[in-house]
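Given chain A, work out where chain B should sit, using these hints.
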Amino acid sequence: MKSMNPTSQASRSYGVWVLAAMLVYFGLLFGSVVLLQRGVTGPLRILVAVVPALPIYVIFLAVVRYLARTDELQRRIQVESLALSAGVTAVLAVTYGFLENVGLPTPSAWWTWSVLGGVWLLASLGLRLRYRG
Amino acid sequence: MKNRLRVLRAERDISQAQLADLVGVSRQTIVALEGEKYAPSLPLAYRLARVFGTRVEEIFDPTSLD
Chain A
4 MKSMNPTSQA
14 SRSYGVWVLA
24 AMLVYFGLLF
34 GSVVLLQRGV
44 TGPLRILVAV
54 VPALPIYVIF
64 LAVVRYLART
74 DELQRRIQVE
84 SLALSAGVTA
94 VLAVTYGFLE
104 NVGLPTPSAW
114 WTWSVLGGVW
124 LLASLGLRLR
134 YRG
Chain B
3 MKNRLRVLRA
13 ERDISQAQLA
23 DLVGVSRQTI
33 VALEGEKYAP
43 SLPLAYRLAR
53 VFGTRVEEIF
63 DPTSLD
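One line per chain: the protein sequences are A and B, in this order.
The first sequence maps to residues 4 to 136 in the numbering used here.
The second sequence maps to residues 3 to 68 in the numbering used here.
Output of the computed footprint for chain B on chain A, the stretches with three or more beta carbons under 8 Å from beta carbons of chain B: (1) 8-14; (2) 73-80; (3) 122-134.
If you are wondering where the hints come from, they were derived from the structure by calculation, not from laboratory data.
Please read these numbers as outputs of a predicted model, since none were measured by experiment.
Beta carbons are placed, not taken as given, at the ideal position from N, Cα and C, and that holds for glycine.
Next comes chain A alone, as it looks inside the complex (with noise of 0.2 Å):
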């Protein structure tokens, strides 16, 4: 039988959250825009129209949770990344933020997850590279 090391059973673990929080998240995102098209009104309609954050939170607490119980080679992959991608998408906010104040659209706050997830993803896998024998 194969031995699991705290790093492996961290990473593990992490899997399992996040692919069961994924599930949930697109049930309940399909359930909320069913629901929301069928004219839900009132205040149930926010609440209809938030739910399917719930298992962002969820995905949140995994992070937190890998990051307390990987290793530290591991912990200063992400942690580096995460400081990376949080500088990348604060520049380009302030950035956007002046041009807002010259006529620009504001975008959907959609955006900021997007850059931060994508600068997150690059950075991590360039850190890997760099740290490889």
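Structure of chain B alone, referenced to chain A:
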């Protein structure tokens, strides 16, 4: 950081994955250490020294940091 990890591991005939399990890190971390791309924390350095039954200074060369 220069080190003798690859030599010590070969002398004891253990794989990178086995060493990773013994000290509780990923195999990628052992690869990075052997490739001298990463300097370990003090606790990890001591765990490695305990596995090989030697002293930290006999695994890692502190002069390589100068």
